[in-house]
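Engineer: As a plain string of letters, each chain reads:
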Amino acid sequence: MTGEVVVRVEGLTKRYGDLVAVDRASFDVRSSEIFAFLGPNGAGKTTTIEMLQCLRTITSGSAVVLGFDVAKRHDQKEIRKRIGVLPQDFNALDKLTVRENIALFASLYDNARDPSELIALLDLKDKADVRFDDLSGGLRQRVGIAAALVNEPELVFLDEPTTGLDPKSRRDVWEVIRQLKDRGSTVFLTTHYMEEAERLADRIAVIHKGKIVALGSPAELLAQHGGHSLLIVQNPEPGTVESARKALPAARHTQGDLEIRVKDIDEVNHALDALQAIGVRTGIQIRNPTIEDVFLTLIGARVTEEGELA
Amino acid sequence: MKKRVLAIASALFKNWMRSRSGVFFSFLFPVMLLLLFASIFGGQGSSSIPVYVQNMDIDDQGGPTNLSMTFLRILNETAFAVKRVPPEVDGLAFVKDDLGLLGGTFRLLIIPDGFEHRLLNGSLRARLSISLETAQSFLEDAGGTLLPEQKAGIEEGIRQLEGAMVHFPPGEVVLRYLDENTSSSLIVQSILNNVVNTFSAGIVGVDSNLHVQPEGVSRQRLKSVDYFLPAIIGAFVMTNGIIGVTTNTTEFKRRGVLRRFATTPMSRLEWVVSNVISQTTLSFMLVLVMLMVGWVIFHLTAIPNLLALVYIAVGSILFSGIGLILAGIVTDVEAASAAGNAVAFPMMFVSGTFWSPEIMPAWMQTLGNYLPLTYLSNGLRSAFILKHLPSALGNLAVLAVMATILILLGSLVTKWQER
Numbered sequence: 001m002t003g004e005v006v007v008r009v010e011g012l013t014k015r016y017g018d019l020v021a022v023d024r025a026s027f028d029v030r031s032s033e034i035f036a037f038l039g040p041n042g043a044g045k046t047t048t049i050e051m052l053q054c055l056r057t058i059t060s061g062s063a064v065v066l067g068f069d070v071a072k073r074h075d076q077k078e079i080r081k082r083i084g085v086l087p088q089d090f091n092a093l094d095k096l097t098v099r100e101n102i103a104l105f106a107s108l109y110d111n112a113r114d115p116s117e118l119i120a121l122l123d124l125k126d127k128a129d130v131r132f133d134d135l136s137g138g139l140r141q142r143v144g145i146a147a148a149l150v151n152e153p154e155l156v157f158l159d160e161p162t163t164g165l166d167p168k169s170r171r172d173v174w175e176v177i178r179q180l181k182d183r184g185s186t187v188f189l190t191t192h193y194m195e196e197a198e199r200l201a202d203r204i205a206v207i208h209k210g211k212i213v214a215l216g217s218p219a220e221l222l223a224q225h226g227g228h229s230l231l232i233v234q235n236p237e238p239g240t241v242e243s244a245r246k247a248l249p250a251a252r253h254t255q256g257d258l259e260i261r262v263k264d265i266d267e268v269n270h271a272l273d274a275l276q277a278i279g280v281r282t283g284i285q286i287r288n289p290t291i292e293d294v295f296l297t298l299i300g301a302r303v304t305e306e307g308e309l310a
Numbered sequence: 001m002k003k004r005v006l007a008i009a010s011a012l013f014k015n016w017m018r019s020r021s022g023v024f025f026s027f028l029f030p031v032m033l034l035l036l037f038a039s040i041f042g043g044q045g046s047s048s049i050p051v052y053v054q055n056m057d058i059d060d061q062g063g064p065t066n067l068s069m070t071f072l073r074i075l076n077e078t079a080f081a082v083k084r085v086p087p088e089v090d091g092l093a094f095v096k097d098d099l100g101l102l103g104g105t106f107r108l109l110i111i112p113d114g115f116e117h118r119l120l121n122g123s124l125r126a127r128l129s130i131s132l133e134t135a136q137s138f139l140e141d142a143g144g145t146l147l148p149e150q151k152a153g154i155e156e157g158i159r160q161l162e163g164a165m166v167h168f169p170p171g172e173v174v175l176r177y178l179d180e181n182t183s184s185s186l187i188v189q190s191i192l193n194n195v196v197n198t199f200s201a202g203i204v205g206v207d208s209n210l211h212v213q214p215e216g217v218s219r220q221r222l223k224s225v226d227y228f229l230p231a232i233i234g235a236f237v238m239t240n241g242i243i244g245v246t247t248n249t250t251e252f253k254r255r256g257v258l259r260r261f262a263t264t265p266m267s268r269l270e271w272v273v274s275n276v277i278s279q280t281t282l283s284f285m286l287v288l289v290m291l292m293v294g295w296v297i298f299h300l301t302a303i304p305n306l307l308a309l310v311y312i313a314v315g316s317i318l319f320s321g322i323g324l325i326l327a328g329i330v331t332d333v334e335a336a337s338a339a340g341n342a343v344a345f346p347m348m349f350v351s352g353t354f355w356s357p358e359i360m361p362a363w364m365q366t367l368g369n370y371l372p373l374t375y376l377s378n379g380l381r382s383a384f385i386l387k388h389l390p391s392a393l394g395n396l397a398v399l400a401v402m403a404t405i406l407i408l409l410g411s412l413v414t415k416w417q418e419r
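Taken in order, these protein sequences are the chains called A and B.
Start counting the first sequence at 1; every next residue gets the next number (my numbering).
Start counting the second sequence at 1; every next residue gets the next number (my numbering).
For the record, the hints were derived by calculation from the structure and aren't laboratory data.
Do not take every clue at face value.
[Said to hold, decoys possible] Derived CB-CB ranges, DEER-like:
hint, chain 1, residue 1, chain 2, residue 2, range
1, A, 8, B, 17, 22 to 32 Å
2, B, 20, A, 223, 55 to 65 Å
3, A, 263, B, 335, 52 to 62 Å
4, A, 59, B, 369, 44 to 54 Å
5, A, 259, B, 338, 50 to 60 Å
6, A, 235, B, 332, 46 to 56 Å
7, A, 24, B, 332, 50 to 60 Å
8, B, 20, A, 57, 51 to 61 Å
9, B, 335, A, 253, 52 to 62 Å
10, A, 305, B, 332, 47 to 57 Å
11, B, 335, A, 30, 41 to 51 Å
12, A, 183, B, 345, 52 to 62 Å
[Stated by the list, open to error] Simulated crosslink set (EDC-like; lysine to aspartate or glutamate; CA at most 16 Å straight-line):
hint, chain 1, residue 1, chain 2, residue 2
13, B, 14, A, 129
14, A, 127, A, 94
15, B, 3, A, 94
16, A, 81, A, 133
17, B, 2, A, 154
18, A, 95, A, 133
19, B, 14, A, 94
20, A, 127, A, 100
21, A, 72, B, 418
22, B, 14, A, 100
23, A, 77, A, 133
24, B, 14, A, 110
25, A, 81, A, 154
26, B, 253, A, 89
27, A, 95, B, 251
28, B, 253, A, 94
The beta-carbon is built from N, C-alpha and C at its ideal position, and this holds for glycine as well.
My request is simple: use the sequences and hints to build the entire structure.
Structural biologist: What follows is the structure, given as structure tokens:
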């Protein structure tokens, strides 16, 4: 499915005085994949992709996007022709309509798609003549994605595409991103939502304090850093907890539930037998590790809805 | 490049025109000011009004006559700063040239040849007339009581006085005053009349035959709206450029629109040119609206020529440059708006938009000489009203130099890539 390298980053560093915003980051992005940068606010996600978009200069290291060096002025022009960008909190000219804004972005490229085609693709037909400032957050993001696709880009950067959106709008945007992948686009996504990275990305780079701390497919990350699965007994009786602890030393009583770490099917069967023996027959479920667990393992903290470490 | 520039310029223009506050400050506010000023403005006092004086009254030795010199001294001691025009030149052409390429207010007072002679004649004739009337009145009232030889003596005196009066024929001494009909014209003429009356009463005597005859420099009969219109157009080309570009650009920066454009093939230069085109289009629309209002409501007579349109374009470039500089320096939208207002409004008042600069304190006049709006206002007046090409071109040259520098600075501080 994925193939040639479209972004090659080696030792990429960005300093602001003593502050190191991006610290020797190295990674590749391959064609037709969804590559996610996952990290809390201030981790260096946006700074990194803005260097790749030629919006910021680099302090050291190198970055080649679609075969062009981001540090060379002439190459920057070529990169800008070939990429599509959805910035964080996309905004357009607020008094222009959806159609006018998409047409405006289309006019900035020598070869651009028909705005009507993009309006249809992003399901914006009903809103085509509505002014940008009258749109909801989800619709604005869709306009932003349409604007990012006007030049049929070889690489699309989506910076926190669903931040601040309601759940339905978020799911709608996910669907659009999946469609991009289905059409063969390469997508470079940044997010602080674990679920978003896990659901969409082919590969994830976990970034913290400017450093990439882990990189791999979701399965690889889960295998390496996700820890064990949990067999959970929901709201057990008080006596049951004591009995379970005696039978299963790995059992923990956490937030009202009984959690037993299991690493394979044998351990699952052993735990189920023990639970059955002490009379637990209902309220049992198995929870596999998620990217959130990976993040917790790597960073030692969770990320709030707003993107802050907690 | 052309396609991108026109697309962005058109989008910026549409975006601005659909904003209620944008339309108000771009069009309605200037129209309101035009209505207000053209309706109520009559003239202003002055502390030192420059006036050119051409003294044609030369004595036999080739120097100015004593009386004309006295008149000039009194003129200089009052509210006027007298600038001499040599008697042998064409006064009108001399003043236009002397006002120079940068323009200024045209005021020329011409003291005619024979000024002293005719004033003295008039004075003597007035005195003889008084003596004659006194003698005639005395003869009429007391003639019956006089001895015949006394009566005959008085009658002989009256005959001699009548004979002398023949040598002093009646005649007016007219001082021609040429003025370009500015907002201060009426008050300047009033002050001039006071000076003439003082001179007549103190130096020459009662019943002076000295009068001031005002004449317009332009052949057009101009109204106050003709004076205000170019200045108000200039002022709002300035405010639209400075405040409009500053707030728009800062807002685009805050909302990330500018950064989004920077990720496309559009260059910084194209962005700057787009802003200039958008502002110039806005300015031309403002001119059209103002002219329509002027024509319909005030029966405006001044008609902008091609040079005036060039002025509008250069002014739009210049003030867009200032707007871009402010937007490049100030990051906060509210602070940018405040900065734009802080630059634009004092400039509007100090540059003589609404009144002649001469009524302002000297330091303000000096400050005004360094402000681009002064040159735009003067130049637009020259182009609209005076049709005085050297003055109009001179102001245009200064503006063009300023515009080039400012738009380059504006481009330099517009960040397309952050360090």
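Engineer: Does each hint fit the structure? Answer for all of them.
Structural biologist: Hints and how they fare:
1. A/8 with B/17: 22 to 32 Å: At 46 Å between Cβs, range violated.
2. B/20 with A/223: 55 to 65 Å: The hinted range 55 to 65 Å holds for residue 20 of chain B and residue 223 of chain A, with Cβ atoms some 59 Å apart.
3. A/263 with B/335: 52 to 62 Å: The hint (52 to 62 Å, Cβ to Cβ) holds, given that residue 263 of chain A and residue 335 of chain B are roughly 59 Å apart.
4. A/59 with B/369: 44 to 54 Å: holds (47 Å)
5. A/259 with B/338: 50 to 60 Å: The hint (50 to 60 Å, Cβ to Cβ) holds, given that residue 259 of chain A and residue 338 of chain B are roughly 58 Å apart.
6. A/235 with B/332: 46 to 56 Å: holds (53 Å)
7. A/24 with B/332: 50 to 60 Å: violated (34 Å)
8. B/20 with A/57: 51 to 61 Å: Since the Cβ atoms of residue 20 of chain B and residue 57 of chain A sit about 40 Å apart, the hinted range of 51 to 61 Å is violated.
9. B/335 with A/253: 52 to 62 Å: For residue 253 of chain A against residue 335 of chain B, whose Cβ atoms are near 56 Å apart, the range 52 to 62 Å holds.
10. A/305 with B/332: 47 to 57 Å: violated (28 Å)
11. B/335 with A/30: 41 to 51 Å: holds (45 Å)
12. A/183 with B/345: 52 to 62 Å: holds (54 Å)
13. B/14 with A/129: Holds: residue 14 of chain B and residue 129 of chain A sit about 14 Å apart, inside 16 Å.
14. A/127 with A/94: holds (14 Å)
15. B/3 with A/94: violated (22 Å)
16. A/81 with A/133: Measuring from Cα to Cα gives roughly 27 Å; hence the hint is violated.
17. B/2 with A/154: It is violated: about 25 Å lies between the C-alpha atoms, which goes past 16 Å.
18. A/95 with A/133: Given that 16 Å is the threshold and the Cα spacing comes to 7 Å, the pair holds.
19. B/14 with A/94: This hinted pair holds, its Cα atoms lying about 10 Å apart.
20. A/127 with A/100: It holds: about 12 Å lies between the C-alpha atoms, which stays within 16 Å.
21. A/72 with B/418: holds (15 Å)
22. B/14 with A/100: holds (10 Å)
23. A/77 with A/133: Not satisfied, since the Cα-Cα distance of roughly 30 Å exceeds 16 Å.
24. B/14 with A/110: Measuring from Cα to Cα gives roughly 22 Å; hence the hint is violated.
25. A/81 with A/154: Holds, at roughly 10 Å.
26. B/253 with A/89: Cα-Cα ~12 Å, so holds.
27. A/95 with B/251: holds (13 Å)
28. B/253 with A/94: Answer holds: residue 253 of chain B to residue 94 of chain A is near 13 Å, not above 16 Å.
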